[in-house]
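Engineer: Each chain is listed here by its residues.
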Amino acid sequence: MNELIQLSYSALRQKVLNKEVTVQEIVKAYTDQMQKTEKLNAFVTICPDQALKQAQEADQRFQKGEARPLDGFPLAVKDNFCVQGMRTTAGSKILENFVPTYTSTVVQKLVGAGSIVVGKTNMDEFAMGSSTTTSFFGPTVNPWKSKDHASDLIPGGSSGGSSASVAAHSSLGALGSDTGGSIRQPAALCGVVGIKPTYGLCSRYGIIAFASSLDQAGPFARTVEDTALLLREMAGHDSKDSTSLQYQVPDYLKALGKSIRGMKVGIPKEYRPDGLNAEIAHWWDQTILWLKDAGAEVVEISLPYTKYGLPTYYIIAPAEASSNLARYDGVRYGLRVPGGTLDDLYSYTRTAGFGDEVKRRILIGTYVLSAGKYEDYYLRAQRVRQCVTNDFNAAYQKVDVILTPTTANTAFKIGENITDPIAMYLQDVFTVTTNLAGIPGISVPVGLSKEGLPIGMQVLGPMLQEEKLFQFAHIIEQAARFKNLGGHSL
Amino acid sequence: MTHSFIKTATGLWEVVIGLEVHAQVKSLSKLFSGAATSFAADPNTKVSLVDAALPGMLPVVNKFCIEQAVKTGLALRGDIALHSVFDRKNYFYADLPQGYQISQFYHPIVRNGFLEIDLENGETKTIHIERIHLEQDAGKSIHDLHPDKSFIDLNRSGTALMEIVTKPDMRSAHEAMDFIKKLRLILRYLGSCDANMDEGSLRVDVNISVHRPGTPFGTRAEIKNVNSIRFIGQAIDHEINRQIALLESDQSVDQETRLFDASSGTTRSMRSKEDAQDYRYFPDPDLRPIVLTEDYIQKVQESLPELPNEKRTRFMEDYGLSRYDATVLVSDLETPLYYEKVLKNLKGWKDQIEAAKLASNWISGELFAALNEKNLSIDKSPIAPEKLAQLLNLIGEGKLSGRLAKDVFEIMIETGQEPEKIVDEKGLVQISDTGALEAIVDQVIKDNPKMVEEYKSGKDKLFGFFVGQTMKLSGGKANPQMINEILKRKL
Amino acid sequence: MEIKKQDILRIERLARLKLPEQEEQGFSQRLSKVFDWIDQLREVSIEGVDPMVSPLDTVNVPKTTWRNDEVSDGECQDQILSNAPEAQHGYFSVPKVVE
Ligand SMILES: [Mg+2]
Ligand SMILES: [Zn+2]
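Protein chains in written order, with our numbering: chain F, 296 to 785; chain B, 451 to 941; chain V, 25 to 123.
Don't take each hint at face value.
[To be verified] Computed list of lysine to aspartate or glutamate pairs in EDC-like fashion (alpha-carbon distance at most 20 Å, straight line):
hint: 1; chain 1: V; residue 1: LYS87; chain 2: B; residue 2: GLU744
hint: 2; chain 1: V; residue 1: LYS57; chain 2: F; residue 2: GLU652
hint: 3; chain 1: B; residue 1: LYS476; chain 2: V; residue 2: ASP97
hint: 4; chain 1: B; residue 1: LYS575; chain 2: B; residue 2: GLU760
hint: 5; chain 1: F; residue 1: LYS564; chain 2: F; residue 2: GLU595
Simulated from the structure, these hints should not be mistaken for laboratory data.
Based on the provided sequences and hints, a complete structural model is requested.
Structural biologist: Here is the structure:
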């Protein structure tokens, strides 16, 4: 095992500054690990040569004393972030050969800060899913195995390639996008940290859209500190995105180590349904104890509209997606399946290019917007969305943050197909309300199940209160002393 | 309200017309991207990644375009929405890269305007405007470059349009044509749109139906592709005949989209029968609502230029022009400017009103005729307004007769010379010397004894004959007023 | 809420895509089930609640983001066409469209 891939960014940076190691050596260690863990299928596209070239440039900047805040940070990027000259597929056949001539704003910012893109990670097709099994490029395998090692597990999704690569130490940090839990859920199932920032904190420019009013980019890392570092560099206003907030991004690192004494943590009773997995419930209680020990006051709260969050989400997200995905028509880019007429070309291309789950969601979305259904479904869902948001606003009158489990279960087996669509949608039950309201949420690993699988807790906060999230997440991290998967143990 | 019914062998018909006008906003860049707007350019050069709907691209609205819609709404006396929203109109079409058009459906930026048109009988009529909304234009498909391919050019894709929708208030081709003329003029005064129908910056869709008076409206057809005011008249007339013929032979009118064919002056059903449309409008989550303040609207209101009707009223009140004359002068952007420059340079007139009327007559008479012949617009006139004023001043000073002035004008229009110089060089100065004129009159009396006798026996009408003869003998230079006096005295 | 086969055919047409033939029947059942579940939203009292379009509705930010009217983009035909499945003479090309 290479020790380099075990270290946090600040430790690596110190070593480079001390001239104990070069960025090229670090990047080499990571690209070697990418090869060793290839069977996880975490990456759709890798770019080791380009990464090494950028590492050289980073080394030169270190030598000149001109190092940037993230110089030499090996970064994996979910394959729905456009990167100039690098194939970007969103996990879909319809974009199998799409090479953007432009780079998404967040990647631009991170690369500008010195981070090095090592590859593009696998994902559920167009981010639609919670398992990274709907990708055209095959499923990603969770680096964690249950104790019996019997079968491969899902990494969660849709950003499962990113969470798996961070867990497998084939990247130091990764970018994901979260529409209904797609950062936090895979972070929990892979035992890493992941944050979905406030809607509008990070630019959506250059990110392949799923549901525009819910999508938000965010980082993964193995530590809260590295996660905070990445978010600090990628956040901020972008004039190319009309939904980007005008906001002065604080230095999130300053929130780490701050006391939470006297702060209030809300525990929503609706998140403890009768059938909640006992181990998850146990770790939730354990986390509450840690926070109490650190001086926080724990308060039971009620979020009564929680149960309506999922059905609301399953109207709004497909509706927006059905429109966002209309541009994939075989005319300007992407797959084209010829047809006698243009209309045939559209239908053949979209039928061949989209996978089944994407098709189902496009059809659901088309249906809820169609004549006679709009008011009954879409408009009603928007009103319920407001109710869900009001729930949170009321809660934050009383508490600073809210603590819930990130997922209802640990990772399940690949191929253990959930045929009941509603059971499948329930994967997102703890995460979607956050996206509906636009508030931030962070998932932190807290422990392992008896099977030996990671469990994550989620800290939610009011709009733009990411500092509080990091502050609490750091306390939890310190208390949990969660052991990341060693790069060697794979 | 006036009614213009159509009478056929079976009785009376009433025609109902509503218009949907797409006016291209005169902006430098597109509604949601920084690519240039352009009329003619190489294909796909005035296109940004946003206009081509590349994955991950997002719209950002152009402030200027919003302001133009507000301006236009105010000029058409509409209510400006303090909160309006961009919606997506979802459908698949070759020139629609996003798979949806960003438009305004539920909450348009302007509602409830109106515009007055002039009827043929001289009365005016109010045409109500239902709404004005902002939306993106589509690209263009080119069908004639390849035997079995269509080519797509996205240069126009994303250009800002104001869609101006009238209520079905018009009852004849004349009314629809006059509405478009008036609207076009207002847009040009505002500068919010070039309003060139032949370049496509003003496009009109005509909704038309016929019914028996006193019965509900008939099924309407929508006619697209009508790109001149004359064609609007033709398309409506053809469509009226077609619809009446159908109904009179017990057939029905289909609710459909038809294309106007300029070569035959007829309309035809669009060949591609589209499925029942279901546009699935919903608010575009990539954009924020347009939120305006009363203050902003007030500022735009204050920035509005004087509009054609206001200018006409002022010309009538200040310059004593007839409604007709004032209408002619304000019916384009440059003429009223030219006119008022002429007025500014008029000197030495005792009767200002007389001078203003004379200037108006000269512009809409001689000048328009000459420019028309040369195919020039008034801002390219070889006679600058200052020089026309000099010419009129010579008339006012009695140095030129109207007839001589016309001769001078002919030379001016060809050479652009100053009128005084022409008068000097050609010796065209009016003869106002009493002695000289009396000699000419005496000669005329002497030459026409028979006529003099008849005149004296009561044939008053012959007076004009003597004036004409005197004028002729003087080579057109005689001062007409003085001739009158002298003739009266001597006869 | 029952979703019929003909509804599926209608929305497939609107969305310009087809499910595998054998799935259309199964999908209508599956979709009916999803909508039965979604229909629990009918019990929510939404009287007087405004529809929420975006999370930004609730934050205090200037509502309108707008740009000045400047030409800052375009003139990149090569980029626009670089991923085109078929392009000729600077145009995208598609099967002949009849109007
Ligand atoms: Mg229309
Ligand atoms: Zn329109």
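Engineer: Could you run down the list of hints and mark each one as holding or not?
Structural biologist: Now for the hints, and whether the structure bears them out:
Annotation: proposed proximity of LYS87 of chain V to GLU744 of chain B holds, straight-line Cα distance about 15 Å (limit 20 Å). Restraint check for LYS57 of chain V and GLU652 of chain F: satisfied, since their Cα atoms lie roughly 16 Å apart, inside the 20 Å limit. Distance restraint check for LYS476 of chain B and ASP97 of chain V: the Cα-Cα separation of roughly 17 Å lies within the 20 Å cut-off, and the hinted pair is therefore satisfied. This hinted pair checks out: LYS575 of chain B and GLU760 of chain B have alpha carbons roughly 17 Å apart, not beyond 20 Å.
Using a Cα cut-off of 20 Å, the hinted pair LYS564 of chain F and GLU595 of chain F holds, with the two alpha carbons roughly 7 Å apart.
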